[in-house]
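Q: In case you want the letters, here they are:
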Amino acid sequence: MENLIGALVAAPLLGAAVLLLGGKALDRIGHWLGTLLAGTSFVIGLILFADMLGRSGEHRAISTTLYSWVPVNSFQADVSFQLDQLSMTFVLLITGVGTLIHLYSVGYMEHDERRRRFFGYLNLFLAAMLLLVVADNYLLLYVGWEGVGLASYLLIGFWQHKPSAATAAKKAFIVNRVGDVGLSIAIMLMFTTFGTFAFTPVLASADKASEGTLTGIGLMLLLAACGKSAQVPLQSWLGDAMEGPTPVSALIHAATMVTAGVYLITRSGPIFNLAPDAQTAVVVVGTVTLLFGAIVGCAKDDIKKALAGSTMSQIGYMVLAAGLGPIGYVFAIMHLVTHGFFKAGLFLGAGSVMHGMNDEVDMRKYGALRKYMPITFVTFGLGYLAIIGFPGLSGYFSKDKIIEAAFAKGGTEGWIIGSCALLGAAITAFYMTRVMLMTFFGEKRWQPAPDADAAPSAEPAAEGHAAGEMPHPHESPWSMTVPMIVLAFGSVFAGFLFNLNDSFLKWLEPVTGHKEGDSPLSATTVTATTVTVMVIGVAVAWLVYGRKPVPVVAPKGSLLTRAARRDLLQDDFNHVAFVQTGSYLTRGLVYLDLKGVDGLVNGTAATVGGLSSRMRRLQNGYVRSYAVSMFGGAAVLVAATLLMRAVA
Amino acid sequence: MTASATVHSLWTTAAGDGFKIPAPHIEYAQLSPVLIVFGAAVLGVLADAFLPRRSRYGAQLLISVAGLVGAFGAVLVLASNGYATDKAHLAAMGAVAVDGPALFLQGTIVLVSLVAVFTFAERRLEPKTDGARTDAFTAQGSAVPGSEQEKAATKAGFTTTEVFPLTLFAVGGMMIFPAAADLLTLFVALEVFSLPLYLLCALARRRRMLSQEAAVKYFLLGAFSSAFLLFGIALLYGYAGTVSFGGIADVVSGTAPMTPALAETAGNDALLLIGGAMVLMGLLFKVGAVPFHAWTPDVYQGAPTPVTGFMAAATKVAAFGALLRLLYVALPGLRWDWRPVLWGVAILTMVVGAIVAVTQTDVKRLLAYSSIAHAGFILAGVVATTPDGISSVMFYLAAYSFVTLGAFAVVTLVRDAGGEATHLSRWAGLGRRSPLVAAVFAVFLLAFAGIPLTSGFAGKFAVFKAAADGGATPLVIVGVLSSAVAAFFYIRVIVLMFFSDPSPEGPTVAVPSPLTTTAIAFGVVTTVVLGILPQYFLDLADKASVFVR
Amino acid sequence: MNPVNYLYLSALLFTIGAAGVLLRRNAIIVFMCVELMLNACNLAFVTFSRIHGNLDGQIIAFFTMVVAAAEVVVGLAIIVTIFRSRHSASVDDANLMKL
Amino acid sequence: MSFLLTATAVVPAVGAIATAAVPAAKKSAAKWTALLFSAATLVLAAVVLGRFDTGGPRYQLTESHSWIKAFGVRYEVGVDGIGVTLIALTALLIPFVIGAAWHDADALEDTRLGRRWRPTQGFFALILLVEAMVIISFAATDVFLFYIFFEAMLIPMYFLIGGFGDRSGGNTEQEAAKQRSYAAVKFLLYNLLGGLVMLAAVIGLYAVTADQIGGTFSLQEILSARQAGKLDLSGAGEKAIFLGFFFAFAVKAPLWPLHTWLPNAMGESTAPVAVLITAVVDKVGTFAMLRWCLQLFPEASKWAAPVVLVLAVISIIYGALLAVGQKDIKRLVAYASISHFGFIILGIFAMTSQGQSGATLYMVNHGISTAALMLVAGFLISRRGSRLIADFGGVQKVAPMLAGTFLIGGLATLSLPGLAPFVSEFLVLVGTFSRYPALGIVATVGIVLAALYVLVLYQRTMTGPVKAEVEGMHDLKVRELAVVAPLIALLLFLGFYPKPVIDVINPAVNQTLSDVHKKDPKPAVEAVHTKGGAR
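Chains as they are written, first to last, in the numbering used here: chain C, 25 to 672; chain W, 55 to 603; chain E, 5 to 103; chain G, 4 to 538.
Rather than coming from a laboratory, the hints here were simulated on the basis of the structure.
Each hint should be verified, as a subset may be incorrect.
Claimed, not checked - Between beta-carbon pairs, the in silico distance windows are: (1) E/H91 - G/R115: 46 to 52 Å; (2) W/I586 - G/K181: 33 to 39 Å; (3) W/V583 - C/T628: 49 to 55 Å.
To be verified - Which stretches of chain W does chain C cover? Using the computed rule of at least three CB atoms under 8 Å from a CB of chain C, they are: (4) 157-167; (5) 177-187.
No residue lacks a Cβ here, since even glycine has one placed at the ideal position from N, Cα and C.
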């Protein structure tokens with residue numbers, strides 16, 4: 025069984041290798057090959073899952089060591105895998121959703137001549153993501169961590185000829201690198217503290233280390249998580265990442281990769297449990313982000329950007345939960361999974377809409393689409409209900425648990441974060457309703473398609489359409505609708521199943537541990553409040569966007585709105601704080617290197633030269649002056665000799 | 055008063071009957087190297103006097119080569135008979151030393167001169183005048199430059215074959231110079247090799263004004279310095295009552311039998327110190343050490359290039375040999391007085407030589423300044439005052455002299471209408487036009503710069519090592535830094551030759567006769583061999599590093 | 005009379021000669037000054053020979069004269085040639101080569 | 004006594020002569036000769052690697068002959084794990100360099116200059132000559148022997164830079180020539196100065212040994228003498244000598260602030276030669292720090308370590324920042340290299356086994372990765388005839404393979420996990436951090452900057468709309484692919500399975516550390532090892 029873990033990673037890796045190295049010959053079947061291999065690893069995942077269920081709680085985790093990777097005296101890193109319930113949850117999510125999105129992409133990327141490469145990248149991503157979750161030590165995890173970063177970089181910038189895409193890709197990678205610094209330092213700290221950085225020994229002996237060290241490690245891990253999971257202050261890249269093809273946004277920037285940070289924190293639970301300050305930091309980050317993302321989501325007219333904001337905020341929930349410690353871990357993961365379903369579904373829906381609307385992304389130019397793309401409407405709608413936490417749907421269960429846990433943190437901070445979480449829920453309901461209304465309801469606000477190159481962030485003709493022609497919305501092919509349907513099912517029932525006599529909790533508890541917090545409010549109170557605020561949010565949204573027609577040109581809006589449209593000035597801040605100062609610094613250094621360091625050397629040379637030409641003048645060609653110099657020399661010589669004797 | 059009495063008695067006895075002044079006893083065999091050279095020189099004079107003009111060149115060349123080869127053979131024989139080591143002693147009534155350093159340096163000088171004579175005899179570079187091949191020397195020294203007389207002489211195909219005997223005389227003098235065991239011999243030898251050199255400088259075929267100016271400068275300054283030398287000798291004689299190195303050393307160390315007169319003068323250190331300093335100055339002038347270097351660039355530039363090469367190589371060997379002997383045999387007791395002084399001179403010489411060379415624009419002047427810098431390096435070895443110092447200096451001299459000869463030989467090849475094109479700008483792109491010559495010159499330059507695997511590096515290392523052992527670490531550091539500066543201008547020439555494009559009307563590279571070719575080849579071979587396998591020659595220098603007294 | 009005075013004289017002569025070399029322009033005179041220096045040396049030699057009561061110094065004096073004579077031969081030859089080619093015996097005119 | 008090492012150095016030397024001897028007309032013959040000999044060298048190096056026994060004595064395949072008795076100089080060669088690895092690297096890279104440089108000398112061919120003018124022959128002969136000298140200096144166990152080739156190496160390099168340099172610099176041909184010779188002279192003077200300072204130190208070392216055990220330059224003798232307590236190399240004098248050595252190596256490496264020659268040299272030389280400089284020749288500097296500085300002067304090394312480490316960290320950050328600011332592709336890579344050399348030196352002087360193993364591995368990986376990046380950059384530049392980043396754009400559209408390989412090279416340069424450089428860089432960082440946490444953290448910031456300069460370079464050159472001048476650009480040719488592909492494969496392989504190399508390096512590093520009397524710091528807590536995974 026253990027060896028299958030390797031196969032799990034190997035399958036998509038093989039796919040990536042074949043698709044990227046293989047020549048044009050593969051163009052015709054490449055996408056199917058990629059999908060097949062993704063499916064394969066999903067199947068393997070299922071087999072392992074079945075096998076795991078076959079064993080009892082404590083003995084479910086299996087591990088295997090392939091080979092010794094970097095052995096330098098006490099520094100021993102192996103390529104070895106560990107598959108426990110936590111990893112398994114991710115494996116299934118990744119391979120499952122991954123396979124669906126492969127399938128979706130078959131249709132979505134149909135008209136792109138570089139489709140083979142696209143699938144190669146997707147497979148590469150799967151491999152890296154799987155490596156990330158099955159690695160049994162932090163260094164190997166780092167490899168997967170960066171691997172997904174690379175895949176994300178390649179896929180965001182898939183349409184490299186668009187400067188915006190290339191820039192977005194670069195931005196994503198570099199912001200993530202900042203997070204990686206955190207991960208590296210965390211690993212170093214572990215090595216110097218424990219002499220190892222493998223999960224089991226580190227986590228097992230965490231209690232031996234000083235709290236200061238643990239806090240340090242925790243904060244560094246948090247930094248890493250912020251980078252990968254687009255948490256404040258490293259969230260700025262996620263919005264731009266929407267430059268990538270929609271399936272990518274669905275898979276990487278909604279369902280899986282961005283949740284890696286949550287995985288990291290949950291995985292390192294024992295460390296955080298012993299470092300309350302670090303935990304507090306995590307909670308704060310999560311809370312801030314969930315509001316931040318929600319607010320941004322309200323202001324965006326670009327459907328994908330709106331969803332991106334929502335993703336950010338939802339992950340905020342997860343991080344918040346993870347920060348709560350044992351009372352939150354399970355729910356963080358649970359929300360992660362349910363979110364994986366409905367957010368992926370929403371993105372695919374959005375993709376389907378764009379597909380039908382000449383790749384228009386501005387919701388203000390949608391409207392009344394429910395009649396034209398029913399399947400999309402339904403699936404999207406279910407996803408919508410799930411995310412706003414409509415009772416009975418998956419989002420309802422997972423989010424509700426988190427809010428409960430937040431209050432259960434107890435004390436003032438419990439109240440604060442709890443109410444923040446509630447507020448977030450309200451805003452979520454608002455902006456998602458807004459999206460829903462603007463897209464599928466109201467009257468048509470369609471515009472003739474702009475010509476391709478002038479398109480704002482338009483994806484190049486997924487389906488050839490001449491400039492200037494009106495869009496003629498239509499339902500997408502089966503390869504796209506099927507995944508949407510499947511995901512819709514997920515978003516409807518997942519939560520319910522997970523909560524069926526706490527199956528999910530029982531499943532994860534052996535790994536993450538769990539303890540019930542003592543909430544000041546009863547579960548029912550919380551639930552009731554949650555539903556109430558949700559309804560309020562929906563109502564407000566309907567008042568604003570449902571009753572009166574939506575203007576095609578966005579109104580100026582309040583200060584907050586305008587700020588939110590600009591991602592709450594995050595990029596502007598970064599620009600001033602880092603980009604500009606940085607460029608000044610580099611320019612200054614370049615100058616210094618030329619004039620200063622190099623100039624010093626050249627200066628010495630010049631000095632010698634000047635000295636030389638000055639001394640040359642003594643050689644004036646007159647015998648008599650030569651004679652003088654000789655005479656003087658002789659005199660000095662004599663004097664010196666006598667002097668020597670005098671001093672001696 | 056008593057002293058004057060003794061003198062009178064001397065006279066009277068001398069005049070009296072039954073008193074015989076013993077005839078001096080000369081070991082001709084042991085002096086044979088010098089004697090052979092002088093013999094050849096005299097023979098050359100006779101040949102020039104009596105042979106018809108056409109056959110003079112051949113005869114002179116034959117005589118000189120034969121003489122030098124013979125001399126070299128004689129040196130080898132003496133060395134192999136142990137005169138360099140255990141049988142070393144003072145010959146000719148203590149006037150001339152026959153010992154290791156003497157023989158080693160004499161051998162070097164003879165060999166250098168032999169190669170130099172090849173370059174003197176080169177007759178393919180200058181354009182023919184009316185079918186007659188001509189060499190680097192003027193048709194008629196006495197003819198005014200540009201005058202009818204000169205034209206006539208040139209037309210008649212006159213050549214100055216006197217250069218060969220002159221050279222031989224100079225060589226003879228140079229051979230005695232490092233072997234001189236008393237100050238008188240030293241002085242005479244100095245004049246014997248200087249006077250011919252003055253003349254040789256004046257005999258260039260092209261640019262005669264420069265040539266004559268060089269001669270005048272060299273002569274006047276040379277005479278000036280030798281006057282100092284002589285006065286120094288006088289003072290030393292006054293101090294010690296004798297001019298033999300050994301004798302002076304004894305008096306300095308106080309082991310000599312004291313006469314009242316001697317007791318009086320020997321008490322007066324001023325005589326000793328001033329005298330020593332002045333003699334030192336005379337020798338430093340010859341080696342071209344700062345501040346007595348001023349003549350070097352002008353003379354090197356003005357003199358006919360083969361002569362420059364000969365001077366630069368041989369004179370340095372001879373002068374440093376003499377310097378070593380004076381310091382190690384006559385004035386070892388004054389070590390603590392002259393070492394600091396020489397430290398100063400060495401540092402000054404290295405620095406000034408290297409720095410001033412940086413802005414030179416004429417190849418010959420450049421090499422002149424480089425020779426000054428090298429004099430500084432050698433001085434660093436001289437002040438080591440260890441046996442290592444002696445051997446390393448001798449090795450350096452041998453290595454350096456052949457490189458120098460080769461370099462100047464290459465300079466004679468690069469020519470344009472006006473003769474040799476010595477301005478650096480004319481050398482641009484030489485590496486493109488004739489890679490071989492440029493490469494050879496590059497090798498010599500790298501040797502000068504002391505790049506490893508060339509003789510220059512071996513020599514430099516030996517000298518600096520000796521200096522460091524002798525406790526002159528600061529000298530080593532200054533030496534290292536000034537070599538860095540020196541490297542700059544050697545490299546500049548290489549850049550010029552290889553990395554800059556040739557100018558269309560650039561100079562041509564003349565194809566030399568086997569004579570010059572041999573000279574250059576010899577230079578290259580020694581450069582490489584002494585660079586890669588110096589051990590044998592180092593041993594030789596080491597064995598030969600003991601002065602007799 | 006104390007022979008040391010002769011030494012002072014010779015030193016004086018030597019200095020005068022040296023000064024002449026440094027100050028006079030005419031090559032011939034410069035050269036004569038050098039000869040004067042040589043003769044100063046001779047005087048010193050003879051004096052010292054007298055002081056030490058041995059003949060070396062006097063012998064050396066003879067050698068010096070011979071050498072001086074030889075120097076005159078060579079020197080005059082050179083000076084005359086350059087005079088003929090420049091119509092000037094001033095050493096200051098001979099500075100084509102410099103720097 | 005085995006002559007294997009000597010043979011490994013002699014073969015390329017012979018090759019140089021053979022190549023130079025090829026008649027002017029037969030250009031391609033000369034190229035093939037050079038390639039053949041470099042391949043033969045590679046085979047020999049492989050044999051050396053094979054014969055090297057990781058468990059065996061410290062120095063193996065040793066050989067010792069008297070050479071210059073008067074200077075106490077012996078011809079002594081022998082390799083430890085570090086030396087053998089670097090010899091292998093050198094022998095490995097040269098064939099690729101030659102392959103990449105296949106047409107670089109063609110532009111200089113000029114029949115008007117007659118049959119004596121044979122640039123092609125000269126060019127490849129010089130490359131082989133450099134290889135021979137580098138191999139000797141990696142193998143030398145005699146200070147003097149090492150010094151001689153350390154210095155002599157400069158001359159062929161000098162001609163390679165100045166004579167066969169990049170012709171695309173500057174606006175006019177004259178300008179380019181001027182820049183070339185400036186770069187060449189700068190290269191030579193910097194390194195010559197370093198070398199001369201070292202010469203003084205070498206002489207000093209001789210003087211010291213001469214006082215105590217009778218002058219010797221033999222590493223073996225000096226080490227054993229110290230073991231036996233007969234030789235004491237610790238004190239003010241030795242500190243000075245150490246500084247002399249270190250200065251030379253720091254110039255060669257190059258370490259801030261002695262680095263300014265590298266951007267010129269790499270900028271003005273053709274890409275293959277630039278690779279030769281940064282991937283092969285400069286390694287001698289860092290290698291020498293490990294072998295000579297640490298082993299001869301352990302005390303002085305420890306004494307100087309703090310300063311050196313700070314300089315190294317400055318190099319890392321400074322080099323990276325300047326790389327970000329560059330407009331010229333080659334200069335950018337040069338500054339990146341400065342940053343990387345900072346890492347190497349950091350690892351060496353952190354004096355932990357991770358640091359030094361990492362540093363040595365870093366030398367290998369940096370060699371390969373820079374070679375990959377620089378050679379592809381060279382292909383790119385040769386196509387466009389310009390090395391300014393601004394002159395490119397959208398290349399990936401017209402030449403995807405070129406862009407792809409370029410990207411991989413770049414990712415290796417920013418040490419992406421999964422590619423070789425990551426392993427070494429992380430080892431260096433861990434090794435440093437475990438003894439000097441602050442420095443470790445500052446150095447870690449370098450990885451962000453690395454991402455910045457690499458990705459900005461890639462974005463500006465390869466992505467975006469296709470520039471008009473780039474339109475007709477053709478993709479990698481077979482020869483070019485054959486040059487790059489193996490390097491990339493190697494990067495991936497060493498990224499996932501560096502163990503073989505580490506196993507060779509590690510014993511040597513441990514011995515070096517024991518010379519310096521340094522032990523790895525112990526972890527704060529003893530971790531409980533419940534089950535497998537990382538031990």
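Q: Against each hint, give a clear statement of whether it holds in the structure.
A: Structure-based check of each hint:
For E/H91 and G/R115, the Cβ-Cβ distance of about 49 Å falls inside the hinted range of 46 to 52 Å, so the restraint holds. At roughly 35 Å, the beta carbons of W/I586 and G/K181 sit within the given window of 33 to 39 Å. Between W/V583 and C/T628 the C-beta distance comes to about 36 Å, which lies outside the given range of 49 to 55 Å. Under a criterion of three residues with beta carbons nearer than 8 Å to beta carbons of chain C, the stated coverage of the region 157-167 of chain W fails, only 0 such residues being counted.
Using a Cβ-Cβ cut-off of 8 Å, 0 residues of the region 177-187 of chain W lie near chain C, which falls short of the minimum of three, so the contact claim is violated.
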